[in-house]
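These protein sequence lines map, in sequence, to chains D and X.
Those letters in the first sequence? Residues 1 to 215, per our numbering, in order.
Those letters in the second sequence? Residues 1001 to 1442, per our numbering, in order.
Be a bit skeptical, because a hint or two may be false.
Dumping the calculated DSS-like pairs for lysine-lysine here, alpha-carbon to alpha-carbon at most 30 Å [stated by the list, open to error]:
#1 X:Lys1181 / D:Lys36
#2 X:Lys1036 / D:Lys34
#3 D:Lys34 / X:Lys1307
#4 X:Lys1318 / D:Lys36
#5 D:Lys34 / X:Lys1189
#6 D:Lys45 / X:Lys1289
#7 D:Lys33 / X:Lys1316
#8 X:Lys1078 / X:Lys1189
#9 D:Lys33 / X:Lys1307
#10 D:Lys33 / X:Lys1181
#11 X:Lys1036 / D:Lys36
#12 D:Lys33 / X:Lys1189
#13 X:Lys1078 / X:Lys1090
#14 D:Lys34 / X:Lys1043
#15 X:Lys1036 / X:Lys1189
#16 X:Lys1043 / X:Lys1181
#17 D:Lys45 / X:Lys1088
#18 D:Lys36 / X:Lys1307
Chain D side only, calculated, beta carbon under 10 Å to chain X, not exhaustive [claimed, not checked]:
#19 Pro67
#20 Phe69
#21 Met72
#22 Pro106
#23 Trp215
To be clear about the criterion: a stretch of chain X counts as covered by chain D if any three or more of its residues have a C-beta under 8 Å from a C-beta of chain D, and this derived list gives those stretches [unchecked claim]:
#24 1033-1041
#25 1055-1066
#26 1071-1078
#27 1085-1095
#28 1107-1116
Calculated from the structure, these hints are not laboratory results.
Just so you know, these numbers come straight off a predicted model, no measurement behind them.
Glycine is no exception: its CB is placed at the ideal position from the N, C-alpha and C atoms.
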Amino acid sequence: MYDFARGPLVWIAFAIFFGGSVYRIISTIMLAKKDKVILPYMRTKYGLRSIAHWLIPFGSRNMRLRPFFTIMSFLFHACLLLTPIFTLGHIALWQESWGVSWWHLPDTLSTLMTFIVVAGGVVFVLRRLSDPTVRMVTSFGDFVVVLIVIAPFVTGLLAYYQVFDYRTIITIHMWTGAIWLASVPFTKIAHMLFFPLTRAYMGCEFGYVRNARDW
Amino acid sequence: MKDTPESRVIDPGLDETIKKLTPEHIERVVQHVLTKENAARLKVYIDTCVHCGLCAEACHTYLSRDCDPDYSPVGKVKNTLWELIKRKGKVDGEFVKMMSRVAFTECAVCRRCSMYCPFGIDIAYLLMIVRRICSLLGVVPQYLQDTTNSHAVTSNQMWVHQDEWIDTLQWQEEEAMSEVKDARIPLEKEGAEVMYSVIAPEPKILAQLLGNMAQIMKVAGIDWTMPATDGWDNSNMAMYSGDFEVMGRVERLHWETAARLKAKKIVMGECGHAFRGAVYDGPRWLGWKFPPIPMVHAIEFYYDILKSGRIKVKEKFKEPVTVQDPCNTVRGRGLGPKLRYVVNELCENFIDVNPRFEHNYCCMAGGGTINCGPPWKRSRMVSNRVKAEQFKATGAHIVITPCHNCHSGIEDVIGFYKLGMHVKFISEIMVEVMDVPDELKP
């Protein structure tokens, strides 16, 4: 299991992640042609303006209305994306296999960021359960997605603190990480891929077509 | 299905029409709309929505109903469109009735929620898909369907016949002349600077607004005209009832009329729907990227004639006023700042609302909701408590509403919540305060 995870699994996961993501984005753009009223109205300036407003914390009114959730959500997403890329342990593997390396996070910081991701996932789940509005639109799959996303981080922490048998944990860590990557294009995590597209389109509908703001 | 006061409303447009439906017919229509009429946006919106509920607090119905989950934008989509997709259109008449109620009477497609969704999902568009399905199934609130039928027959919203139309314009021309010398409503004038467009409620029930415009045009010295033929009304309730075929016909006739008169530009009266239909939905349906002739909304027109000094104010309006930002001209055209310029030029004491501009709450009359008629009025009022609270906080006496739907909707809100305020169009205040030069005094 370990050897498989250390070797082919990583390749498979990355292939599904990149291949699937490219496929989803391209097929969406192709489908947008069929909609006819999307592409003629797309403008870089207004698309980027909208994306920027929604990528900057408190850049939109809705974010300002709920400061706790905004801070938590930004921390969660930032840590989720940055930690795997800049964790020393991961870079060491790249160094070992490919001879490439880059800047890494100090250990304490990457541990803290991992905790933030796990805590964020827990808060998301609690919010889903406690807020009646969110609970009503929650399906079983929404919990599974959170599980897929935080599983590599939980196992990463267990591995870091050497809880249980290290080799077992690290194997599970690799498997959960692979599942996470491979899930991106084909689950709700795909919102990561579609965010720039939907945001840019709405930014253009509001900004370019209607001379209004959408944040 | 939940038993609520709303679910017990009697409306033959829903109750009787569902009796004629068969499961096969429903399924066929749903599949047609979901797979043939819609593509990328529907798919991506459904795939992208992470069920976070952050759109909820954008909705005035949700806020007004003590955060009832069924009234959050995503809740409405879940109860209607998600179910249709999940069940692949295999739903019964009762379900169609429920989704017709939700889409037509509990959502005004004001698009405020799109500004609160982190992904910019156009939730109003999703509800419009539901409306489209209901329309193709013939399950539309009766009053609303009647306006669509009127559009189909007369091309205006209120069964106004051509002779009545011309007669009303001539009557209002006379009225205007008693205020401003030589005020005219020039009919069928080719090559005028401005073709003025109005909607059917003006000749039908608010004719003095036509007279107001004749006065304003004369004082401002505008070369203008109005058509004597059909094609003068593009209020277009068909756009909101989901009958896009009729919507397209109405808009085509309107643009063709302007083209026939060789108008250089169109000024749309104080109506938001008509503006949306003419500038956005109509052209797209007809395959045009943008309107073929420039069109400005009344707010912009008033701004221009005040800014350029064509209209001068004699004495500003005294009573404290506030405004309603209509969705189709503020969220739909960014005219919030110009609206405030106009109001400040005309009025001494303007108290702004909070939230405002694009973030202002909907009037809960637009999007065809008020056209669903008396059976749904109570529900609409319960759905807009926040609007009443918002206006009450301003302490103003007058609410300026540069949109027919906002005007009627807010009048309803004021009555229902006993706010003791009044609504006025901009033109009503303008004719009151503008300086009529001596040579134009009758």
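We went through each hint and held it up to the structure:
Taken as a hint, the X:Lys1181 and D:Lys36 pair is broken in the structure, with Cα atoms around 51 Å apart against an allowance of 30 Å. Among the hinted pairs, X:Lys1036 with D:Lys34 is consistent with the structure: their alpha-carbon atoms are about 10 Å apart, no more than 30 Å. Using a Cα cut-off of 30 Å, the hinted pair D:Lys34 and X:Lys1307 is violated, with the two alpha carbons roughly 44 Å apart. For the proposed pair X:Lys1318 and D:Lys36, the alpha carbon gap of about 50 Å is over 30 Å, so the pair is violated.
Annotation: proposed proximity of D:Lys34 to X:Lys1189 is violated, straight-line Cα distance about 41 Å (limit 30 Å). A hinted pair counts as satisfied when its Cα atoms are at most 30 Å apart, and D:Lys45 with X:Lys1289 qualifies at roughly 19 Å. Only pairs whose Cα atoms come within 30 Å are accepted, and D:Lys33 paired with X:Lys1316 is rejected, the gap being roughly 52 Å. Distance restraint check for X:Lys1078 and X:Lys1189: the Cα-Cα separation of roughly 51 Å exceeds the 30 Å cut-off, and the hinted pair is therefore not satisfied.
Restraint check for D:Lys33 and X:Lys1307: the C-alpha separation of about 42 Å exceeds 30 Å, so the hint is violated. For a cut-off of 30 Å, the pair hint linking D:Lys33 to X:Lys1181 is broken: about 56 Å separates their Cα positions. At roughly 13 Å between alpha-carbon atoms, X:Lys1036 and D:Lys36 fall within 30 Å of each other, so this suggested pair holds. Note on D:Lys33 and X:Lys1189: the hinted pairing is violated, with a Cα-Cα distance of about 41 Å set against a maximum of 30 Å.
Taking the CA atoms of X:Lys1078 and X:Lys1090, the gap is about 16 Å. The hint holds against a cut of 30 Å. For the suggested pair D:Lys34 and X:Lys1043, the alpha carbons sit about 12 Å apart, so the restraint of at most 30 Å is met. A C-alpha spacing of about 43 Å is found between X:Lys1036 and X:Lys1189, which places the hinted pair above 30 Å, so the restraint is violated. The straight-line distance between the Cα atoms of X:Lys1043 and X:Lys1181 is roughly 59 Å, outside the 30 Å bound, and the hint therefore fails.
The straight-line distance between the Cα atoms of D:Lys45 and X:Lys1088 is roughly 39 Å, outside the 30 Å bound, and the hint therefore fails. At most 30 Å may separate the alpha-carbon atoms for a hinted pair to count; D:Lys36 and X:Lys1307 exceed this at roughly 39 Å. A hinted interface residue such as D:Pro67 counts as satisfied when its beta carbon comes closer than 10 Å to some beta carbon of chain X; here the least separation is about 13 Å, so the hint is violated. For D:Phe69, the suggested interface contact is upheld, since its CB lies about 8 Å from the closest CB of chain X, less than 10 Å.
Interface restraint check for D:Met72: the shortest CB-CB distance to chain X comes to about 12 Å, outside 10 Å, so the restraint is violated. Hint on D:Pro106 is violated. Least Cβ distance to chain X is approximately 31 Å, over the 10 Å limit. Taking 10 Å as the C-beta cut-off, the interface hint given for D:Trp215 holds, the closest approach to chain X being about 7 Å. Check result for the stretch 1033-1041 of chain X against chain D: holds, 4 residues qualifying (beta carbon to beta carbon below 8 Å, three or more required).
With 4 residues having a beta carbon nearer than 8 Å to a beta carbon of chain D, the stretch 1055-1066 of chain X meets the requirement of three or more and the stated coverage holds. For the stretch 1071-1078 of chain X, the assignment as covered by chain D holds, since 4 residues bring a beta-carbon within under 8 Å of that chain's beta-carbons and 3 suffice. Remark: the stretch 1085-1095 of chain X is not confirmed as covered by chain D, as 0 of its residues place a Cβ nearer than 8 Å to a Cβ of that chain, below the required three. Look at the stretch 1107-1116 of chain X against chain D: 3 of its residues bring a Cβ nearer than 8 Å to a Cβ of that chain, three or more, so the hint holds.
In summary, the structure is inconsistent with hints 1, 3, 4, 5, 7, 8, 9, 10, 12, 15, 16, 17, 18, 19, 21, 22 and 27 from the numbered list given earlier, while agreeing with the others.
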